[in-house]
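Student: Now for the letters of each chain:
2 protein chains.
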Amino acid sequence: MSTTVSPLAPKHVPELPAIAGVRLATAQAGIRYANRTDVLLALFDEGTTAAGVFTRSKCPSAPVEWCRAQLKSGKSAKNLPRALVVNSGNANAFTGKSGRAATRLTAEIAAKAAHCKPGQVFLASTGVIGVPLPDARIRAALPAARARLSAGGLDAASHAILTTDVGPKVAAAAFRAGGRRGRVVGFAKGAGMIHPDMATMLAFLMTDAEIPPPFLKAALRRAADETFNAISVDGDTSTNDTVLLLASGASGAPRIGGAADAGDFKSALLSVCRELAWRIVRDGEGATRVMEVLVRGAANERDARLAAHAVATSPLVKTALHGGDPNWGRILAAVGRSGARISPARAHLAAGPLCLVEGGLPVSYRERDAARIFARERVPITIDLGVGAARARVLTSDLGHDYVSLNADYRS
Amino acid sequence: MSTTVSPLAPKHVPELPAIAGVRLATAQAGIRYANRTDVLLALFDEGTTAAGVFTRSKCPSAPVEWCRAQLKSGKSAKNLPRALVVNSGNANAFTGKSGRAATRLTAEIAAKAAHCKPGQVFLASTGVIGVPLPDARIRAALPAARARLSAGGLDAASHAILTTDVGPKVAAAAFRAGGRRGRVVGFAKGAGMIHPDMATMLAFLMTDAEIPPPFLKAALRRAADETFNAISVDGDTSTNDTVLLLASGASGAPRIGGAADAGDFKSALLSVCRELAWRIVRDGEGATRVMEVLVRGAANERDARLAAHAVATSPLVKTALHGGDPNWGRILAAVGRSGARISPARAHLAAGPLCLVEGGLPVSYRERDAARIFARERVPITIDLGVGAARARVLTSDLGHDYVSLNADYRS
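As they're listed, the protein sequences go chains A and B.
Residue numbering for the first sequence is 98 to 509, as defined by this note's numbering.
Residue numbering for the second sequence is 98 to 509, as defined by this note's numbering.
In isolation and in its complexed conformation, chain A is listed as follows:
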């Protein structure tokens, strides 16, 4: 009952390689805080394709609505993405008509800078909600940013999208296709939740490969489901969650379109998403350790996810994790109430290599061996439901005093 070991978050932040066909710049627009970058402008070469996954919230932010609309209509070449504008400090959510107008105006100005149509501009926002977006400040900052665009702007970009994150979250991977080398890079901001109103997860993924939109969409959906949709800091989903994948197809890069040449690209994409997802959970405010919940033996994938999410969002499991308490009873109780089919007589539970429950009953193990595993930064838990062959993996952080302190404080 061993589990795959995830990489621990390295202490240093790796420098991201440039992606041919992508240029970036940041600006200080003073949206909420002074003396920090809060606007990112990215321009993409002609022929870039895009895919996105967004929050399932029924109250999505104006920029999420905007991106969805562009991706729906973006079937023809003249609708391909040419620019991306991200702002931190204000989520442009619960802002009604004026929020939608702010989005449209910003897209129009960015379109001028990129010599494209507004529908070719993607937008994302993160920050306080229910406050009108000071979009005039964003628009005013764009021309100067336009003049500073550079292919090496990824590291600055990874800072400009942060709100209350501990630090930037970046990842990169290479792949081979058709005898040529391609790259995937990504940067994200986390659902740190230290601020009441800054609960957004944003991730931007870029590759120099040439990839048709349908394939890109499928690859992103699959990777996001296994990573960004399989993490839980506190079970809350924001109005603004956005993951965008852009493929520039810049000259010399491989073309990905069929099953034959796709495997290595998919692996690279998955590894970048997995690294970013890990960092979002590990850097969750107040988090001291991460539980990697692997549910297997489920009747189907839905059941596997239900069970894994029930464990990952249980306050009882998360407080026990904080206390380093190998409390398998709380874990199985969460599985039991999840709605997933379980065969108690065939159920197993292990912490790392140590089996705690076999055939639905606690086995004889040394409490201090279990406690040692729960004291680590990464706590791998494997739960076998004893029913079928489906599996799911979810990462979750612990729930401790820092989380309460940071979230119970009055909004500043």
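By construction, these hints were calculated from the structure, which means they are not laboratory data.
Just so you know, these numbers come straight off a predicted model, no measurement behind them.
Worth double-checking, as some hints may not be accurate.
[To be verified] Negatives, chain B to chain A, calculated, CB over 10 Å:
hint, residue
1, P240
2, R278
3, D422
4, A442
[Claimed, not checked] Beta-carbon label-pair distances, calculated as ranges:
hint, chain 1, residue 1, chain 2, residue 2, range
5, B, A237, A, E455, 28 to 34 Å
6, A, K169, B, G436, 37 to 43 Å
7, A, E455, B, A486, 36 to 42 Å
8, B, R245, A, P450, 38 to 44 Å
9, B, R273, A, R443, 51 to 57 Å
10, A, G193, B, T261, 44 to 50 Å
11, A, G193, B, R473, 26 to 32 Å
Note that CB positions come from ideal geometry on N, CA and C, so glycine has one too.
For this one, chain A is given, so just place chain B on it according to the hints.
Tutor: Below, chain B without anything else, positioned relative to chain A:
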């Protein structure tokens, strides 16, 4: 946008009136702790009917499985309930075959004491899970308890079922039917969760009315859905949750069977359940205040419940409640991700009489007015989804440092 005011938990515990046809006794069996009562024996007169609602966990405890089986087969008179045995200190969950055997043996001994069949005995357990039930101790305690049975044993009973509760939770109400007076009493233990393994909600309701099982079942289901199934201390459901309603039909009491004479009984049952549910939330370990979430304007009841539960289980909402922070953004974000249909342009949110959001947008209000409402022991929140006419109400407690301290500690 006003809400019904729930009664605040009175400082004193009211004495429960006796229910004709019901006799109770408690015992110290030493199941987990010395010097406290931990077994309850109740005997019911012939003709008593029963209904139950239980945990939806796929891993229910052995006594939950037992009760379900008896209620299913309990259509004929010879299967009517005659005895109830409750123990605290051990949940008899995740105990496999030996747990089921312990349940059966206990029912057999109780049946001898009650001169009935084992299938006429109901059982409930609460306490540590995954540890074999010391059922021999329970059985040994029953004969002496049998000798001490009394109609006035309800108050002692309300203590014997507790684990780590702050105190007993009792409620009583009277009703009239057919020109005669009847009573409903109830006592409960809460999902206090201060101990990792003691997360059970038990409630026992008793009335002297004569009520046929189908009607009893429907009335209990309805009352439980509005009360016990509409509270959240931490979103976790235990393996043992049990609510039993027993109707003794003792002589002189009214017979309830049709719509004409049922209204007053239903109200009394609901008020007892509501009072017990309130006390369970208010006495949740670490809780300092209770939010009463009323969702209305929903497309249907399912949507109303989805939205109310999303708010009630959101760690962000619960930590803000702890901090007395009128953070409507977190509340609406939880509603948004709940899956319930919402019309943002018609959505409202109010704290007590104070409107905070109107037509999906924040209105101008004084922050200190909102803060004053959030500083109270009871915080009434009304959310109108602006879609239909369905509504749901859920009570939830705050999430503070005491909750983390109590739940992150190593199991003692």
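Student: For each hint given before, does the structure comply? Return the numbers of the non-compliant ones in rising order.
Tutor: The structure conflicts with hints 3, 4, 6, 7 and 8, although it agrees with all the remaining ones.
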